[in-house]
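So the sequence shown is residues -21 to -1, 1 to 515, counted in mature numbering (1 follows the signal peptide of the UniProt record, and there is no 0).
In case anyone wonders, no lab produced these hints; they're calculated from the structure.
Owing to the predicted nature of the structure, the values given are computational and were not obtained by experimental measurement.
Cβ atoms here follow ideal geometry from the backbone N, Cα and C, with glycine treated the same way.
Treat the hints with care, as some may be off.
Stated by the list, open to error - Each computed DSSO-like pair below joins lysine-lysine, with the alpha-carbon atoms no more than 27 Å apart:
(1) Lys457 - Lys350
(2) Lys239 - Lys308
(3) Lys174 - Lys155
(4) Lys115 - Lys174
(5) Lys322 - Lys392
(6) Lys155 - Lys123
(7) Lys474 - Lys347
(8) Lys494 - Lys482
(9) Lys482 - Lys430
(10) Lys426 - Lys347
Unchecked claim - Quick list of the computed label-pair ranges, beta carbon to beta carbon:
(11) Glu226 - Thr268: 33 to 43 Å
(12) Lys483 - Asp399: 25 to 35 Å
(13) Asp58 - Thr135: 15 to 25 Å
(14) Ala441 - Asp473: 17 to 27 Å
(15) Ala190 - Glu111: 42 to 52 Å
(16) Asn133 - Gly306: 23 to 33 Å
(17) Lys474 - Asp437: 22 to 32 Å
(18) Glu354 - Met99: 47 to 57 Å
(19) Thr309 - Asp399: 31 to 41 Å
(20) Met99 - Gly222: 28 to 38 Å
(21) Gly222 - Asp399: 54 to 64 Å
(22) Lys242 - Gln164: 40 to 50 Å
(23) Lys242 - Thr373: 28 to 38 Å
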Amino acid sequence: MRARRLLAAALLLLLAVAAVARLDLDDDGDDSEVLDELLAVDEEEERGELDGGKAAAAAAGGAEAVRRAQSMVLVLDNDNARRAVEENAELLLLGYAPWCERSAQLMPRFAEAAAALRAMGSAVAFAKLDGERYPKAASAVGVKGFPTVLLFVNGTEHQFTGLHTKDAIVTWVRKKTGAAVIRLQSKDSAEEFLKKEQTFAVGLFKNFEGAEYEEFVKAATSENEVQFVETNDRNMANILFPGIASEEQFLGLVKSEPEKFEKFNGAFEEKAIMQFVELNKFPLITVFTDLNSGKVYGSPIKLQVFTFAEEYDFEDLEYMTQEVARGFKTKIMFIYVDTAEEKLAKPFLTLYGLEPEKPTVTAFDTSKGTKYLMEAEINAKNLQDFCLSLLEGTLPPYFRSEPVPEEKGLIEKVVGRTFDSSVLESPHNVFLEVHAPWCVDCEAISKNVEKLAKHFNDLGHASLKFARIDASVNEHPKLQINNYPTLLLYPAQDKSNPIKLSKKSNLKDMAKIIKEKLQIADVKTVAAADNVKDEL
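Work the whole structure out from these sequences, hints included.
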């Protein structure tokens, strides 16, 4: 299956290159044929219908398209990269690598964006660069990873950091190369604009002048992902944003989702307008993908609620989740992660130490790095209560923990859920070894700790307990460890200030330190104990 997906990705990349190549053919040529072919292949690959025979035939056709267009497309290499930047007033460049799956995903969207820009009459030239084959050229023009989209305006480099979608790329390029705001002057132009744009901000200004209008234009210039449009005709504005009444001045955000219209009620200042757009441009539920992951991580909405479920399970939860999300707009970001997409879901679930077999709801406060888990049944009331507690700061954080062990040995196994009872609330002095399975030194240290535990046990020191915790899968707010192994001594009289012991001490010295710190009566030296090595 993986080989098949890689084959499909390689095919998609090849056909996408062909599509990009076709964009630089005669201006009167029709790009739709290549783009339709490209997207058809993309859809077949998504449905898993692209078998070996079709793949080979499509690859052959794509290769032929590349061969026909090769002499006419702007292909950058080590010799012409800098010259292309210098000779083109506006140049949109895609840096890619043949093996890169994300390059394959971006290619068709880049091709669609380029075709759309051409249809709009944009003077931007288009280029592509195989950065793996031509590393010198990649370095010369600023391609530092794959894929990279760069726009050069009179030699000045602008790097695209937005969503990898056609609309986002088109909006970004138009703002960098032309007016930040599109002015609509007729009903037909408004209706035509509405057909093409999915997310945009619309402003109504009587005379296109004044301090508030200037702030609107500043915000439009600064916001790179959302297209701003303006009109001075209320009837025209109502085509884009129905329901505008008697306002002489208006700003609203239009999105292609159930919660389609958002009205701006703040002061017309650049910062306030940008914040309004930034907080409202996401849908009620954001479907997490490779393409939007950076925007989710960098969202100004710091409280985020995640639903992990397979697609067919989430269908039953989607409407209910939307209804709850509507009450927390701009305060909590709701995100759906398809657990069938393992590369997307697994990093999150590993962070929580979860391997769910049914839909699971978690939350994360990106400002504090705090995790939360909804352990109640997933329904509207429980989700509402969970989100309200999250917003009010009363939701208890979630810490990973292994199952509570059933038996206690010479060295007690401590997990996240038993850290309080086994360590902090225990009447004993506690020697705690904190380790991780990937730690190189932990195995040797563990063997020596076992010798110490046996020694003190043989001498009958019932007030001293030895314990061990795997910090890679167990967490506690009062156990913050960065280095492994770590040896901690918790005196029974003061558990709030554990004593950190050197793991470089030999056994004899460590036993001596334990006696001194805990004021234990004199015992036989560890050196006299059987089979104890004088090293740690």
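Structure-inconsistent hints, enumerated in ascending order: Hints 4, 5, 10, 16, 22 are the ones this structure does not satisfy, whereas the remaining hints hold.
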